[in-house]
Amino acid sequence: MSNQENKPTAVDYDAVPDAKGRFGDYGGRFVSETLIHALDELDAMYRKLKQDPEFQAEFDHDLAHYVGRPSPLYFAERLTAHVGGAKIYLKREDLNHTGAHKVNNTIGQALLAKHSGKQRVIAETGAGQHGVATATVAARLGLKCQVYMGAEDVRRQALNVYRMKLLGAEVIAVESGSRTLKDAMNEAMRDWATNVDDTFYIIGTVAGPAPYPELVRDFQCVIGREARAQSLAQIGRLPDALVACVGGGSNAIGLFHPFLKDADVAIYGVEAGGDGVETGRHAAPLNDGIPGILHGNRTYLMEDENGQIIETHSVSAGLDYPGVGPEHSFLKDVGRAQYVAINDDEALAAFRTLTRVEGIMPALESSHAVAYAMKLARTMDKDKCIVVNLSGRGDKDILTVADIDGITVGTTNR
Amino acid sequence: MNRINECLRTLQAEGKKALVTYIVNGDPEPSATLATMHALVAQGANILELGVPFSDPMADGPVIQLGHERALAHNTSLRGTLAVVSEFRKTNQQTPVVLMGYVNPMVRMGFEVLADQAAAAGVDGFLTVDLPPEESEPFNEILKARELENIFLLAPTTTDARIGSITALAGGFLYYVSLKGVTGAGHLDIDAVTAKIADIRRHSTLPLCVGFGIKDAQSAKAVASVADGVVVGSLLVSKMGELAGQPAEQIAEQTASLIAPLRAALDSL
Chain A
1 MSNQENKPTA
11 VDYDAVPDAK
21 GRFGDYGGRF
31 VSETLIHALD
41 ELDAMYRKLK
51 QDPEFQAEFD
61 HDLAHYVGRP
71 SPLYFAERLT
81 AHVGGAKIYL
91 KREDLNHTGA
101 HKVNNTIGQA
111 LLAKHSGKQR
121 VIAETGAGQH
131 GVATATVAAR
141 LGLKCQVYMG
151 AEDVRRQALN
161 VYRMKLLGAE
171 VIAVESGSRT
181 LKDAMNEAMR
191 DWATNVDDTF
201 YIIGTVAGPA
211 PYPELVRDFQ
221 CVIGREARAQ
231 SLAQIGRLPD
241 ALVACVGGGS
251 NAIGLFHPFL
261 KDADVAIYGV
271 EAGGDGVETG
281 RHAAPLNDGI
291 PGILHGNRTY
301 LMEDENGQII
311 ETHSVSAGLD
321 YPGVGPEHSF
331 LKDVGRAQYV
341 AINDDEALAA
351 FRTLTRVEGI
361 MPALESSHAV
371 AYAMKLARTM
381 DKDKCIVVNL
391 SGRGDKDILT
401 VADIDGITVG
411 TTNR
Chain B
1 MNRINECLRT
11 LQAEGKKALV
21 TYIVNGDPEP
31 SATLATMHAL
41 VAQGANILEL
51 GVPFSDPMAD
61 GPVIQLGHER
71 ALAHNTSLRG
81 TLAVVSEFRK
91 TNQQTPVVLM
101 GYVNPMVRMG
111 FEVLADQAAA
121 AGVDGFLTVD
131 LPPEESEPFN
141 EILKARELEN
151 IFLLAPTTTD
161 ARIGSITALA
171 GGFLYYVSLK
181 GVTGAGHLDI
191 DAVTAKIADI
201 RRHSTLPLCV
211 GFGIKDAQSA
221 KAVASVADGV
231 VVGSLLVSKM
241 GELAGQPAEQ
251 IAEQTASLIA
261 PLRAALDSL
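Going line by line, the protein sequences match chains A and B. Numbering follows full-length UniProt numbering, with no gaps: position 165 of the first sequence is 165. Numbering follows full-length UniProt numbering, with no gaps: position 106 of the second sequence is 106.
Rather than coming from a laboratory, the hints here were simulated on the basis of the structure. Predicted, not measured: the structure shown is a model, and the values here were computed from it. It cannot be assumed that every hint is accurate.
To be verified - Which chain A residues stay away from chain B? Per the calculated CB distances, all over 12 Å, these:
1) 52
2) 183
3) 230
4) 280
5) 306
6) 340
7) 358
To be verified - What the simulated footprint calls covered on chain A by chain B, stretch by stretch (three residues with Cβ under 8 Å from a Cβ of chain B suffice, anywhere in the stretch; the number is not a length):
8) 24-34
9) 194-208
10) 295-304
11) 307-321
We put the beta carbon where it would ideally sit given N, CA and C, even for glycine.
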């Protein structure tokens with residue numbers, strides 16, 4: 001036992017978050033007094049239900065029969081041959097009902113909302129995937145649903161806006177600030193503070209005040225648990241590396257968390273490099289930001305020298321966020337995960353490659369992960385394996401890609 | 001003694017109610033702020049809250065959000081706000097000034113540097129919206145060491161147990177948020193406010209001011225009848241937005257004139 005004392009202090013990944021919702025120096029609960037009671041109530045309810053086998057069974061049942069889990073772990077043989085290097089496996093979250101990983105979390109939080117007895121749910125959304133996933137579960141449970149979305153994103157993601165409306169949700173375009181995801185989150189927080197008695201706030205990522213980063217992580221961990229078991233079954237061992245895109249970081253933490261104690265599995269989070277990290281026009285706080293406090297938690301942020309949050313840039317609306325989930329900040333600082341960046345151009349190239357080589361059209365968010373996995377695979381031996389979280393499908397991005405190509409799809413809606 | 005405590009003690013001794021005003025530094029333009037602070041004092045404001053603009057004012061309604069946006073368009077910063085207080089102190093050494101804002105610009109400057117410079121500038125206290133008691137260390141201790149007050153919010157949803165732990169930390173005065181929601185919202189339920197204030201009084205003898213939802217003389221009077229003072233913000237910030245583009249003196253006079261009827265209403269109690 002004595003030689004253990006000479007080793008660097010092992011990180012206890014089960015010990016975070018602590019009782020104050022802290023992941024090391026990150027996380028916490030930096031909100032106005034008005035919201036504290038609601039967070040306390042949510043926390044107490046979640047602690048109870050987390051231990052409740054009936055609740056867990058209900059969650060698992062919905063994941064199996066409504067979402068369609070488990071999602072496959074698919075060996076991308078042609079992509080692997082195309083790249084020439086390590087074997088690339090795709091965790092197919094794009095095959096979930098609603099087309100992305102987001103629904104894992106909204107199923108879980110909708111169950112919490114049901115237990116709370118609140119009849120109205122609200123959400124913030126960037127690319128619209130979380131908004132769609134929330135509108136979907138609200139329709140299924142007969143709950144009133146309002147989704148806040150930055151006006152700029154409403155424009156970029158018109159198809160998802162219409163999907164939400166078809167599902168019976170009201171989409172509220174947020175005109176304040178940079179008119180993107182962060183502003184939608186501000187507005188959702190304001191709504192919650194005002195209507196806290198009858199409203200459940202379904203946060204879409206592993207950010208926000210405690211207990212949200214923890215409970216969203218717990219709901220998304222189904223991704224990593226499945227991927228771990230599927231790797232053992234299909235590859236016969238654990239993969240050598242995991243790759244996932246990181247905006248707020250919920251798909252990434254969902255994949256990473258069940259592997260944190262597997263020290264031989266390298267972990268890569270891919271941020272949105274926009275025009276390039278060196279240009280300052282990006283959405284990569286873990287690559288080029290500093291710790292600060294936004295949206296109720298302490299984490300790495302993109303801000304100016306006065307502590308004002310600055311505008312982010314990414315071709316992908318879902319990654320266009322100046323902060324990141326606090327657990328990612330923690331994993332960066334303790335060195336368990338590496339955070340890299342992929343530029344818009346590289347992501348678009350990966351979008352096209354995966355579409356043409358595998359017949360799988362990834363979301364622009366997930367294309368960042370695919371692009372980095374391709375780079376990484378080239379540097380690894382052919383007997384190594386990489387698992388990439390294909391967090392969503394790219395149907396919603398077709399018009400964005402067509403715009404970039406200078407192509408008008410169809411004529412008009414009429 | 002800190003100016004806030006001295007001010008509130010004097011008012012209490014005279015049987016008067018405190019009128020606390022909120023404007024955003026740099027709104028609608030930097031030159032308007034100092035003139036408006038002096039004009040508010042001339043019209044009977046007892047304590048000045050100076051809003052420090054932030055890009056993401058999560059707890060504010062649309063009126064004050066726009067005030068922050070107008071101020072940021074002129075690159076107003078926390079350092080610049082301290083400079084305005086220094087300037088104000090050249091001609092006013094009595095009126096307490098509280099900086100109200102969000103924690104991120106304060107983190108960026110560094111709590112110790114901020115507290116040192118705030119004390120030197122003549123700031124009397126801080127009200128940091130997104131720094132609840134659980135997260136208030138080490139800032140609380142840093143302020144205490146410089147005799148600056150840390151002012152905390154209490155809300156309709158604050159439980160009795162929390163009232164106890166918050167009042168144990170609080171300095172200056174207690175700021176009761178009279179309604180659920182953001183600044184400038186909704187209508188006051190005066191019976192509910194009265195009942196909650198009675199709960200709070202059981203825990204603390206600190207003076208208690210009520211804000212969020214004070215729109216006119218009538219609501220100010222109703223609230224002040226059960227509290228030690230009222231805070232008015234959105235009313236003033238809305239006016240300052242309308243006056244954007246006018247000369248600073250005009251902005252100051254017309255904005256400050258709005259509090260005259262509130263002052264009169266409080267003095268009639």
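Structure-based check of all given hints:
Residue placement check: residue 52 of chain A keeps its beta carbon more than 12 Å from all beta carbons of chain B (closest about 24 Å). At the 12 Å boundary, the C-beta of residue 183 of chain A falls inside the reach of chain B, the nearest C-beta of that chain being 8 Å off. Residue 230 of chain A, annotated as away from the interface, keeps every beta carbon of chain B farther than 12 Å; the closest lies near 40 Å. Residue placement check: residue 280 of chain A keeps its beta carbon more than 12 Å from all beta carbons of chain B (closest about 16 Å).
Not every beta carbon of chain B lies more than 12 Å from that of residue 306 of chain A, the smallest distance being close to 4 Å; the non-interface claim is violated. Against the 12 Å criterion, residue 340 of chain A stays outside the reach of chain B, whose nearest CB is about 26 Å from its own CB. Against the 12 Å criterion, residue 358 of chain A stays outside the reach of chain B, whose nearest CB is about 40 Å from its own CB. Chain B is given as covering the segment 24-34 of chain A, and this holds because 7 residues of the stretch bring a CB closer than 8 Å to a CB of that chain, at least three being needed.
Three residues within the 8 Å Cβ limit are the bar, and the segment 194-208 of chain A against chain B gives 4, so the coverage statement holds. Judged by the Cβ-Cβ criterion of 8 Å, the segment 295-304 of chain A is covered by chain B as claimed, because 4 of its residues qualify and three suffice. Counting residues of the segment 307-321 of chain A whose C-beta sits closer than 8 Å to any C-beta of chain B gives 4, which meets the bar of three, so the coverage hint holds.
Hints 2, 5 from the earlier list are contradicted by this structure; the remaining hints agree with it.
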